[in-house]
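Protein chains in written order, with the UniProt record's numbering: chain A, 1 to 304; chain B, 1 to 304; chain C, 1 to 304; chain D, 1 to 304.
I should point out that these hints are in silico values taken from the structure, not numbers from a laboratory.
Keep in mind that a hint or two might mislead.
Heads up, the list lumps identical chains together, so a pair's fine if it works in one copy or across two of them.
In silico DSS-like cross-links for lysine-lysine, where the CA-CA straight-line distance does not exceed 27 Å [claimed, not checked]:
#1 104 <-> 20
#2 83 <-> 20
#3 282 <-> 104
#4 5 <-> 226
#5 104 <-> 22
#6 37 <-> 104
Note that the structure is a prediction, hence the values are computed from the model and not measured.
There are 4 protein chains.
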Amino acid sequence: MDYQKIINQIAQEVSVKESKGKVASYIPELSCVPSDKLGMHLYCINSGHYQFGDSAERFSIQSISKVFALTMAMLAPAEDLFKRVDVEPSGDPFNSLIQLEYEKGIPRNPFINAGALVVSDLLISHLENPKEEFLEFVRAIAHTKSIGINDAVYQSEKRHSDRNASLVHLMKSFGNIENDVDEVLDFYIYQCAVEMSCKELAMAFMIYANGGALLNTDSQIIAPSKIKRINAIMQTCGFYDEAGEFSFRVGLPGKSGVGGGIAAIHPGQYAVTVWSPPLNAKGNSELGMLCLENLTTLTGLSIF
Amino acid sequence: MDYQKIINQIAQEVSVKESKGKVASYIPELSCVPSDKLGMHLYCINSGHYQFGDSAERFSIQSISKVFALTMAMLAPAEDLFKRVDVEPSGDPFNSLIQLEYEKGIPRNPFINAGALVVSDLLISHLENPKEEFLEFVRAIAHTKSIGINDAVYQSEKRHSDRNASLVHLMKSFGNIENDVDEVLDFYIYQCAVEMSCKELAMAFMIYANGGALLNTDSQIIAPSKIKRINAIMQTCGFYDEAGEFSFRVGLPGKSGVGGGIAAIHPGQYAVTVWSPPLNAKGNSELGMLCLENLTTLTGLSIF
Amino acid sequence: MDYQKIINQIAQEVSVKESKGKVASYIPELSCVPSDKLGMHLYCINSGHYQFGDSAERFSIQSISKVFALTMAMLAPAEDLFKRVDVEPSGDPFNSLIQLEYEKGIPRNPFINAGALVVSDLLISHLENPKEEFLEFVRAIAHTKSIGINDAVYQSEKRHSDRNASLVHLMKSFGNIENDVDEVLDFYIYQCAVEMSCKELAMAFMIYANGGALLNTDSQIIAPSKIKRINAIMQTCGFYDEAGEFSFRVGLPGKSGVGGGIAAIHPGQYAVTVWSPPLNAKGNSELGMLCLENLTTLTGLSIF
Amino acid sequence: MDYQKIINQIAQEVSVKESKGKVASYIPELSCVPSDKLGMHLYCINSGHYQFGDSAERFSIQSISKVFALTMAMLAPAEDLFKRVDVEPSGDPFNSLIQLEYEKGIPRNPFINAGALVVSDLLISHLENPKEEFLEFVRAIAHTKSIGINDAVYQSEKRHSDRNASLVHLMKSFGNIENDVDEVLDFYIYQCAVEMSCKELAMAFMIYANGGALLNTDSQIIAPSKIKRINAIMQTCGFYDEAGEFSFRVGLPGKSGVGGGIAAIHPGQYAVTVWSPPLNAKGNSELGMLCLENLTTLTGLSIF
């Protein structure tokens, strides 16, 4: 398949589209990002790298970090992980307290905020230096030592974390948080503030396309059976309450972030990432979804 | 792969399990089915048929019929189909009015009762003889002319349809039902009362594994792009509020029914069906899910 | 107290107000009523009748009829009445299915539609000729034999009853409806279609102000202890999800209808009724509420 | 009326009842209170004091303090009070986040926890020394200078305040909290920890029965029009989701607390308080409700 031609065609089509979406503003620092940024990076197991646009520029990965945190939690000896967080789609906006209260403090899945906060709590209990180890893990799977956090975003989100604080206190009242509320929040916000480029994200996501192993090495980061489960959760829960729409239009497991990034994979084939800050009404990158829909349409390949 | 050996192994393991589930009782006639029935049928694109147990005995397919009805609706020139029914997982039990009221009469997806009732309404508007044409469609894709309905189940469900009547009236009050309430209910209940064996269901589901074409013929029933979308909806919405769990444990698109049947497919590989009447708390066949989990574990293959 | 002066003052103040409300339109026939109709009738135990405006013109009493139906149900030997319907405020719009589903088919109180439908079902089980006996009861307490129904409203509402049909079917699925769904709906719609003037309504409501007895006679219609309970339910549940606001601003037990009528009482003092068709966002007569607020402010009397 | 005889009769009847309720345990310190404590105090405008049992023993007034806080807020020049908190019954358990999220951070009324937390925030903005001034206000209307808080209860609740912290953070995220979250929580918990006897509570509640004035003095604490509104809110919202039941059975405005206390008033007649720690399923004192129901039955008087 001529991936370069397909990528070029997507670039051409999408570049002229004007997004009706809005750049995320609930974290003030995020709203400063230019809305016309647009990049895409495709990393194929068999044929390497293809990209266009701002694919080498770093952005705030935000909720995409939840996939890395879940992966680390599945590596930890945390037998109670899936007792403390379910694996069902939420059918509700991404930070709803309603469902959490109704279901006694057990989040629907690890990719809504509540679930990721439980995962953060669990990692704090298991890791010596949670922040450092998280960053090291991401750097390792992305093969890039310079990855770090955006301190302005980190500080900005810390000042606007009442909604997440409400979630953590609620779950603690149900006995589903072990550590100090502020520590859990701080670690969670730190993860969201990690900055990566489309290329770096695609390299990191290759482990989900490649059965848990680093490509072209002998290094098995995590068991294939666990990767399948993470991919299954991405498929059903990776896009807030638009998971069905994404599955319907794109047909790949993936995860979006309010920074405008989306990372997705085709098991055994490729990892692919896009970045365009304006979000649709459900909180996912509008042009990003369009790029990925075009990709599976033009390649004729989806997992279905 | 030695599928016969794998099927035998599943038969051995599951046959000794005792289900803690309960046979569906809300339709009295369904509760008469012996709870120890157990059958499985695997139909591979490359290597044909494998089965064990009661795989040739017909049972009430119930909600599995929703897949066939959706397929027919996607064949009809029904441009408004996905305006009248969404494609998102419900995150709620299978016949919830709560979500339907909150979302102004637009069902979350075509595989919950409300969604299937809208699909039925739409088919009534488009077909000359809805019941006959539905049956003919199922017979055609299953290559079996003798398929029909169980009249006792049909009559029994007609007498216990207040819940579904409530759904149809509510949607009609929102303007999302075009035809007479009783006619919509009658057609819907008729579809649920269709009886098929595991083998017949597996043959019918082959079109979803085989890109929309009847296997070993030139007959393309429905376009591959539409089959992908149906498979995507099965993946995210096929198991009521256990869709995530099924995706997590089994990793295949599929659909369950309260008669104890489950049909699933691996695109490009196989269609597989199981039947065991006792249902778990979420309304899915308990041993059926175990059979399918074993299948993807033993073959090492899932779509993820 | 110079009630005539107070009534004149209210007439003067309210007559110049322009309502921002909207005449009910969900029953087409109701929307034909001129929006500038305005009447008020005060009937004092000690000093008789005071009125202004269109107080002698009949209008559709709609949900005010629920008070009469509840009164008849409390007269019937219906021991299970308050097992089948609760007495708590709903905190939700007047015809919500959400709460009804969550609470297993037991309506929150007899003054929301669901509750009144259960009351209707119960009356059908206990009365020989429900419609005739209902009308006779209303005529008797209003001392007016000519009271009847508006047939155009009755027919119009019958053609737009899907929402209520949905409620009855849902409750029947929970076992909380004994009779035929259509019969329950028909009787309920019949009650709503009764037409009365402000004066007739005030005379009928005198039994609630006068401890259950017809004024100036020896005729005790219903025990004082039961009247107290009906008044308590009017206080907490008489105004859909604006019951608190009405209690806060007016401070009297009462009941509103979407025809623009409100009937209220001050125990031991008076019955008072108003009519003005435009409704506020919560479904209560906007100018009607203003009239009653002025009444308790100008008299300096409320039950609090 | 022979109130002493009535009080004696209630004492006799209720003393032999065994409560099936449970002493509140979510604040550990509260669970230490002996479950067989039982006291009642009736304070009549015309005829003075009547009591039985443990009516002179102090207990934790808990949510009854919400009435005092609301009264102070209505005295403050806080024009936005009823924009920041509604006056509708909640129809939901006492600390539900569901409704609060659905209604964008505006609590349903000032007597659920969320509403009282907004009132506390507002008082912090208006008062120099909130805690001292609150205590002084209660001492003044109860004519008792020795009233103070129970420090063990205060400390205990501070350690178990995650649920309330969740509420405050959620409302802050909606912009409905002005001050520091910890300061709001601290002041709220302080109010709940106030200890009073039935007698002291009855004296304090006399202002609500006596049109806002201290009895037998010229001192008008708060305007009669404001007292009416507070009483109206007590009537519709004073008993969590049992407000309708209390109105139905007792028929008086009142407020309960999880310490087992209930204070109620009959405008123009009396203030009455009861204390019995075991709570029914809705969080109200079981025997306390029975005492008050007997009181209005035996006196034949309720506001209805």
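Each hint, compared with the structure:
Taking the shortest Cα distances, residue 104 and residue 20 sit within 27 Å of each other only across copies (25 Å), while inside one copy they are farther apart (38 Å). Taking the shortest Cα distances, residue 83 and residue 20 sit within 27 Å of each other only across copies (20 Å), while inside one copy they are farther apart (40 Å). Taking the shortest Cα distances, residue 282 and residue 104 sit within 27 Å of each other both inside one copy (25 Å) and across copies (18 Å). Taking the shortest Cα distances, residue 5 and residue 226 sit within 27 Å of each other only across copies (25 Å), while inside one copy they are farther apart (34 Å).
For the identical chains of this complex, residue 104 and residue 22 are inter-copy neighbours only, at 21 Å across copies versus 34 Å inside a copy, given an alpha-carbon limit of 27 Å. Taking the closest pair of Cα atoms, residue 37 and residue 104 never come within 27 Å of each other, the shortest separation being 41 Å inside a single copy and 33 Å across copies.
The structure is inconsistent with hint 6 alone, although it conforms to all the rest.
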